[in-house]
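Novice: For the record, the sequence lines run as chains Y and D.
Mapping the first sequence onto this note's numbering, position 87 (from 1) lands on 87, and the numbers just tick up by one.
Mapping the second sequence onto this note's numbering, position 59 (from 1) lands on 59, and the numbers just tick up by one.
Some clues are possibly wrong.
Listed next, with one range per pair, are the computed distances between beta-carbon atoms [stated by the list, open to error]:
| # | chain 1 | residue 1 | chain 2 | residue 2 | range |
| --- | --- | --- | --- | --- | --- |
| 1 | Y | Pro40 | D | Gly3 | 17 to 23 Å |
| 2 | Y | Glu71 | D | Ser18 | 45 to 51 Å |
| 3 | Y | Leu20 | D | Gly63 | 34 to 40 Å |
| 4 | D | Gly51 | Y | His10 | 22 to 28 Å |
| 5 | D | Gly16 | Y | Ser70 | 49 to 55 Å |
| 6 | D | Thr86 | Y | His10 | 33 to 39 Å |
| 7 | D | Asn99 | Y | Leu7 | 22 to 28 Å |
The calculated lysine-lysine pairs, modelled on BS3-like cross-linking and capped at a C-alpha distance of 27 Å, are [what the hints assert, rightly or not]:
| # | chain 1 | residue 1 | chain 2 | residue 2 |
| --- | --- | --- | --- | --- |
| 8 | Y | Lys106 | D | Lys71 |
| 9 | D | Lys57 | Y | Lys49 |
| 10 | Y | Lys58 | Y | Lys68 |
| 11 | D | Lys71 | D | Lys14 |
| 12 | Y | Lys49 | Y | Lys68 |
| 13 | D | Lys71 | D | Lys57 |
| 14 | Y | Lys106 | D | Lys57 |
| 15 | D | Lys9 | D | Lys70 |
| 16 | Y | Lys106 | Y | Lys58 |
| 17 | Y | Lys49 | D | Lys71 |
| 18 | D | Lys71 | D | Lys9 |
| 19 | D | Lys57 | D | Lys9 |
No lab work stands behind these hints: they were computed from the structure.
Don't be surprised by glycine CBs; every beta carbon is placed ideally from N, CA and C.
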Amino acid sequence: AQSVTQLGSHVSVSEGALVLLRCNYSSSVPPYLFWYVQYPNQGLQLLLKYTSAATLVKGINGFEAEFKKSETSFHLTKPSAHMSDAAEYFCAVSDRSGYSTLTFGKGTMLLVSP
Amino acid sequence: NAGVTQTPKFRVLKTGQSMTLLCAQDMNHEYMYWYRQDPGMGLRLIHYSVGEGTTAKGEVPDGYNVSRLKKQNFLLGLESAAPSQTSVYFCASKDRGSNQPQHFGDGTRLSIL
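Isolated chain Y (complex conformation):
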């Protein structure tokens, strides 16, 4: 069985500060990993995905994530937060089966203050 743990239900940063959102996974097979962002009253939008090519993955809006197998982690970072980054972020792991179901973490709300 797969699982995803996102450390911290809320993370607060100042505009211009580093953003770090943590994601740890457990999987019996090498996983595919995804980060999604959800703005208020909207669906989930893909930020980036890891599919066993490069371990450092670049996504949209200046976000990137690094896959670390030894730490079973896939943390999301952005060098400088912008007010528009305030949203909820979800990490998810795919089971790599033919059904490709996703297991989501519980989400981290990013708050950005001026």
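Since the structure of chain Y is provided, determine the placement of chain D on it from the hints.
Specialist: Positioned in the frame of chain Y, the structure of chain D alone reads:
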């Protein structure tokens, strides 16, 4: 390109009523999924389909039924709504290949009184 469209966007039901949520995708995707999102719980998979005429249970299937009569549509039914089914429901679709991402609709907010 509309992507994934969910109807309705909002609905209020009384306990015991039934309703159907419609998901339509125009990307010719094989796989479709229904999730529910509750505060602090992330998204949980209700049912999914890997092709027309096929469906399977996810993590939280009780109280829901689904049908995939056409490739582009995936219906989620509540036969007898309960207050515990108050939630935001999301539909998603994806192409074949486990490395392909899921594409989400904007959700249906459902309240059961």
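Novice: Look at each hint and say if it fits the structure.
Specialist: Right, here's what the structure says about each hint:
1. Y:Pro40 to D:Gly3: 17 to 23 Å: Holds - the Cβ-Cβ distance for Pro40 of chain Y and Gly3 of chain D, about 19 Å, lies within 17 to 23 Å.
2. Y:Glu71 to D:Ser18: 45 to 51 Å: Given a distance of about 47 Å, which is inside 45 to 51 Å, the answer is holds.
3. Y:Leu20 to D:Gly63: 34 to 40 Å: Holds - the Cβ-Cβ distance for Leu20 of chain Y and Gly63 of chain D, about 39 Å, lies within 34 to 40 Å.
4. D:Gly51 to Y:His10: 22 to 28 Å: violated, 40 Å
5. D:Gly16 to Y:Ser70: 49 to 55 Å: holds, 53 Å
6. D:Thr86 to Y:His10: 33 to 39 Å: About 23 Å separates the Cβ atoms of Thr86 of chain D and His10 of chain Y, which means 33 to 39 Å is violated.
7. D:Asn99 to Y:Leu7: 22 to 28 Å: Distance hint for Asn99 of chain D, Leu7 of chain Y holds at roughly 26 Å.
8. Y:Lys106 to D:Lys71: Outside the cut-off at roughly 30 Å; violated.
9. D:Lys57 to Y:Lys49: The given pair, whose Cα atoms are some 25 Å apart, holds under the 27 Å limit.
10. Y:Lys58 to Y:Lys68: holds, 15 Å
11. D:Lys71 to D:Lys14: Violated, because 31 Å separates the two Cα atoms, which is more than 27 Å.
12. Y:Lys49 to Y:Lys68: Answer holds: Lys49 of chain Y to Lys68 of chain Y is near 14 Å, not above 27 Å.
13. D:Lys71 to D:Lys57: holds, 18 Å
14. Y:Lys106 to D:Lys57: Distance of about 21 Å is within 27 Å: holds.
15. D:Lys9 to D:Lys70: holds, 21 Å
16. Y:Lys106 to Y:Lys58: holds, 23 Å
17. Y:Lys49 to D:Lys71: holds, 26 Å
18. D:Lys71 to D:Lys9: Cα-Cα ~22 Å, so holds.
19. D:Lys57 to D:Lys9: holds, 24 Å
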